[in-house]
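Q: Here the protein sequences come in this chain order: B and X.
So the first sequence is residues 14 to 528, counted in my numbering.
So the second sequence is residues 14 to 528, counted in my numbering.
Read the hints as simulated data drawn from the structure, not as lab findings.
Small disclaimer: the values here were computed from a predicted structure and weren't measured.
Yeah, the Cβ is synthetic: ideal placement off N, Cα and C, and Gly gets one too.
Be careful, since some hints might not be right.
Claimed, not checked - What follows is a list of derived Cβ distance ranges for each label pair:
| # | chain 1 | residue 1 | chain 2 | residue 2 | range |
| --- | --- | --- | --- | --- | --- |
| 1 | B | 99 | X | 484 | 48 to 58 Å |
| 2 | X | 525 | B | 98 | 35 to 45 Å |
| 3 | B | 497 | X | 124 | 52 to 62 Å |
| 4 | B | 398 | X | 161 | 27 to 37 Å |
| 5 | X | 418 | B | 100 | 29 to 39 Å |
| 6 | B | 100 | X | 430 | 39 to 49 Å |
| 7 | X | 124 | B | 65 | 21 to 31 Å |
| 8 | B | 78 | X | 182 | 28 to 38 Å |
| 9 | X | 431 | B | 78 | 44 to 54 Å |
2 protein chains.
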Amino acid sequence: MSKPLKDLALRVRRIAIDTDRENVAFMHRDCSAYRAEGFRALSKIEIQNGHGKIMAVLNIVDDARLVGPGELGLSKPAFAQLQATAGAAVHVRHAEPAASMDAVRRKIAGERLAPQDYLDIIRDITAQRFSKTEISAFLVATGQNDLDRDEVVALTRAMIQTGQHLDWREPLVADKHCIGGIPGNRTSIIVVATVAAHGILIPKTSSRAITSPAGTADTMEVLAKVALPMQRIERVVRKTRGCLAWGGTAELAPADDILITVERPLGLDAQGQMVASILSKKVAAGATHLLLDIPVGPSAKVRSMREAQRLRKLFEYVALQLGMNLQVMITDGRQPVGRGIGPLLEARDVMQVLQNDPHAPVELRQKSLRLAGRILEFDPDVRGGAGFEIARDILDSGRALTKLNEIIAAQGKQTEHFSLGRLRIDVKAKRAGWITAIDNLQLARIARLAGAPMAKGAGVDLFHRLGDRVKIGDVLYRVYADSPAEQAFAQTRIQQSQGITIGPRTQLPQAFDVC
Amino acid sequence: MSKPLKDLALRVRRIAIDTDRENVAFMHRDCSAYRAEGFRALSKIEIQNGHGKIMAVLNIVDDARLVGPGELGLSKPAFAQLQATAGAAVHVRHAEPAASMDAVRRKIAGERLAPQDYLDIIRDITAQRFSKTEISAFLVATGQNDLDRDEVVALTRAMIQTGQHLDWREPLVADKHCIGGIPGNRTSIIVVATVAAHGILIPKTSSRAITSPAGTADTMEVLAKVALPMQRIERVVRKTRGCLAWGGTAELAPADDILITVERPLGLDAQGQMVASILSKKVAAGATHLLLDIPVGPSAKVRSMREAQRLRKLFEYVALQLGMNLQVMITDGRQPVGRGIGPLLEARDVMQVLQNDPHAPVELRQKSLRLAGRILEFDPDVRGGAGFEIARDILDSGRALTKLNEIIAAQGKQTEHFSLGRLRIDVKAKRAGWITAIDNLQLARIARLAGAPMAKGAGVDLFHRLGDRVKIGDVLYRVYADSPAEQAFAQTRIQQSQGITIGPRTQLPQAFDVC
C-alpha cells in the first residue's frame, strides 16, 4: 500500500445526503486529484484523516456549489464514520478492493470457504469496505450454491464476533422469533407478557417492518415507546423481566443490518443466510433459549412441510454448535393469525386477548399460549407438557395483562393517540360459497399500500377466516387508510385480486398437520 | 399497477452529479411524498412525466439548498433520460422491481433460463430498470453455475437485439479482437493497416483502457482523433477500408456497457459473459468474419491451455449459431508483446514496426503478421497458408504504413503533442541470471500507477524479455511518470515486487506450444 501524499489532500465537506449504509463521496470533475488519479464515477476511493480511513463510492459533481475543486464531499454516514471536521484536510486515493473479495470470488467459483474467510468477509462488510454491488455478489454466491451447514455456523459466528454482545448474567434468558411472512401474527407481545409474568427473563427486541405491514416494534409503539437506548432497555428488563423494544439502537450483529439493506430489495432469502441472520442476532442479544416459529402455507415464506423440516434441522444444527438451546415449532401459516393487519389493528387484537375479551381472536390466543407454554417448559421446574396450562392460567387470571402494563410503564407509555384511518374500503364477496384460500402476501401488500406501518391506523381488518361460509355482498375485510392517495393505491391492488378465494365446500383445505 | 396521483407530484430539479450508468433521485426528508409513501433511502422509485418514466435509486437529503420539500432532484443521467424540464411536475411512486428479476431469482435457484428470459432481462438492464445490486446479482448468478452454451447464445442474441446494428453492405467485413490481459499487446493498429491495405473492409472500433494501462483507442489517440461520431467513422471506413476509432459513441450492444460498469469493479470474468460481451459487440458492429486472439500464460487472463481450448469451443459454438465466421488463435501470453506499456510507448513500438525500423520489437512484428495473415485468408482469393507472406509483403513494402497514414488523415491527425513522462525510475536486476518469468499483471499495475493511460507519456519500457541473461545492476525496465505522486505510487509498488523473476538457466520456461 502506498502512502497518501500531501498533494492529493482535499478539504472535506459534509453533504446532507443520507445514503443509508453506503458511503458516498463527491468530487468536482475539475478537481486536480480527480484528474491526476483517474478516478471514475462509481469507483471506490479510500479517504484518510487523523482518525482513520474509510472507503466510499465516488460520484463526480459538475456544480461547484455542491463541492468545488479542491473539496471532497462526504454523505452523512461517511462524514460521521470518518469523524471528519468540515474544512479539514483529508487524503484520497484509489481504494484497493477489500482483501476478502478474493474469498467471495472463490465462493462464486464454487469453493467451500473456511471459517476465517467468513470472518474476513463479515469484518470487511461491517467496516463498510464492501460496496452494495460487492455485498450483492456475496449474497448471491452464498445463496446459490447453498452453504453447507458448517459454513452457516462459520457465517453465524463471524456475525456474532463483529458486533456487541449482551450478557444478562442469568442461566436462562429466553427469546422467541418467527421467521415471518404471516400478517397479523402478533403473538410476541402476548408471549413476552406471559413468560415474564412467570418470572423467566425475556428481553425481546424486535425489528420494525421492512417489507411487511407491521413489525412487533411498530405494533408495540401504539402502546409504549420502543426506541430506547441500551441502558434504558436493560433497566426495563431488570425491573419487569421482559421488554418489547426496537432492536435498532444496539450494535448486535451489525453485519446483518448491512446485508439486509441489499438482501430485501433483491428479494433474496436463502436458508443459510436466514439462519445466520436470526441466530447471530439472538446470541448477540444474550439469549440462551430460543423458541422459533416457522409458519408453513402456500403464501407463507416456507411453502411446504418438507422445506420447513429441512430449515428446522439447519436451525437446530447451528444452534447446537453455538451452544444455544433451540426449540422449533412449525405452525399453520395458511392465513393471518389475528384479525387486524397493521399496527393499531394488531394492537387491538393483542389487547383483546390479554383482556380476555370474549371477542378476542381465538387463533391468536391459542397460538400465543402454545408458544408461551413451550418457553415456560425451558424452566427446569416446569414439567414437560405442563407449559400450556400454566400459560393459560397466567393469561386468564389477568397477570399477563398486568405484566404488559408494567412493561409499558417501564418503557414509557405512548403519549400520542392513534386512531383508525378515516378512509375505508369494504371489500365484499362477489360470489357465495366457502373461503378456500387466503393470500397472505396480497393482504399484506394491500395493508402496506393503505399506509401501514407508517400510518399506525392504516391496514386491513379481516372479517372472515378459512372455512367460513359467505353470501354475495358479505364484507370479507375492511381497509383503513389516512390519505386518498393511499386509499387509491389499495383500491387498485384490490381490483387486481381481493386475496381471498371463495369456492365450493369440496375445495376446503384439510386440517393443518405438521407430520 | 396503480396510476400515480396528482398529490404525489413534485417539481423536478437537476442535480449536477454524474452517477455514471445508475439513475439517482434526491428527495428531502420532510417531503410529504416521502412521508406518505414510506420511501426509504436506497429504495427504488419510478418517476414519470409526459415523456415517459424512469427508475432511480432514492437518496434522502436533509439540506433544502440541495432539494427542498416538494422537489425531486435527479442526477444528470436520470434528468437526461427522462427528458425533464427543470421546475416541471413529475410523479413519483415506489417502483416495482423489474419483472425480469423473477428470472434472475430462478437463475440463482439453479434453473436454466429460456431465450425469452434473457431478452427480458437484457431489455430491463438496457432501460436501466435494474439497480447496480440487481445487476451484480445477475452477473454472479450467471457466472457461478456456468451458463450452458445455448444460454450464452440467448444472452448474446439479447444483447444484440437491444442495441443498434451497423450494416456495411459487403459480404466480408473483418474484425479482430484480443480477450486482453497482456500489456503492450498493441497488434491491432498494425493488423488493421495491413488488412485494409490488402482491400478487406476492417472497421475496427476499440475501447479505452478500463483496468489496463492502455487500450487500442488510447494508443491510437497519440496519432489521431478517435472520439468520432458514427457518420464520421463510416466515412473513414468507406474511404480507407479501415478505421481505428473509439467505439464508445455508438449504441452497439449497450447492455454490455452497463454490465461492464459492475463486472469490472467486482473482478468477475465468467466465460459465458465474456463470450456474449465480445460477440454481441462484433455482430452489432457489422462484422461477418472475426479473428480472436486468446493469449495464454501464468499471469494472463487465461492461465492454461485446457482453459483456452474450452473457451475457444464456446466462442466457436456461439459464433456458429450467430452465423459469424470465427477463427481463434491461441497465442503466447507469458510476457508483454512489445517493449512499451502505456499509450505513447506502445505507439512508438507500433510505428517502429510499420516503419521497418531495425530496432522494432520482433515479437510485435511477428505476432501482428500472423494475425493479419489469418484475416487475409478470410478473402476467398487468398490460398490457405498464403496469408502470412502477403501480410509481410504489405508491411515490408511500406504499404501498411501508407494505409495507416491515410486512416490517420481521415480520422484527423492528433494536434496535441505528447512526450514521455519527465520523471523516471530505472528498475535494476538485483541478482545475475536468466529472466525466468515476467508478471504481466504487476507490470500493468506499475504502468497504471505511473499514470497510464490518462497521462499518455507514462508507462513502462521493458529492456529485457523471457530467456535474456542479465547481470546485477542491468536495467530491467524504465518507468515514466509525469507527477511526483504517480512516480511514488509506482515506486512503492515496485518495492513490493519488480514483476520480473531472475533465476538459474534450468528454470527457463519451455518454448510455447499450443498443442
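Q: Holds or violated: the 48 to 58 Å window for the beta-carbon distance between residue 99 of chain B and residue 484 of chain X?
A: About 57 Å separates the Cβ atoms of residue 99 of chain B and residue 484 of chain X, which means 48 to 58 Å holds.
Q: In this structure, is the beta-carbon distance linking residue 431 of chain X and residue 78 of chain B contained in 44 to 54 Å?
A: Distance hint for residue 431 of chain X, residue 78 of chain B is violated at roughly 35 Å.
Q: Taking 52 to 62 Å as the stated bounds, is the beta-carbon spacing between residue 497 of chain B and residue 124 of chain X within them?
A: Because 42 Å falls outside the window, the suggested range is violated.
Q: May I ask you to test the hint 27 to 37 Å on the CB atoms belonging to residue 398 of chain B and residue 161 of chain X?
A: violated, 54 Å
Q: Is 29 to 39 Å respected by the C-beta to C-beta distance linking residue 418 of chain X and residue 100 of chain B?
A: violated, 54 Å
Q: Given a hinted range of 35 to 45 Å, is it respected by the beta-carbon distance of residue 525 of chain X and residue 98 of chain B?
A: violated, 57 Å
Q: Starting from the range 28 to 38 Å, see whether the pair residue 78 of chain B and residue 182 of chain X falls in it by beta-carbon distance.
A: violated, 51 Å
Q: Does 21 to 31 Å hold as the CB distance between residue 124 of chain X and residue 65 of chain B, or does it fail?
A: violated, 44 Å
Q: Just to be sure I understand the hint, the distance between the Cβ atoms of residue 100 of chain B and residue 430 of chain X should be within 39 to 49 Å; is that true here?
A: holds, 40 Å
Comparing the model with each numbered hint stated earlier shows that hints 2, 3, 4, 5, 7, 8, 9 do not hold.
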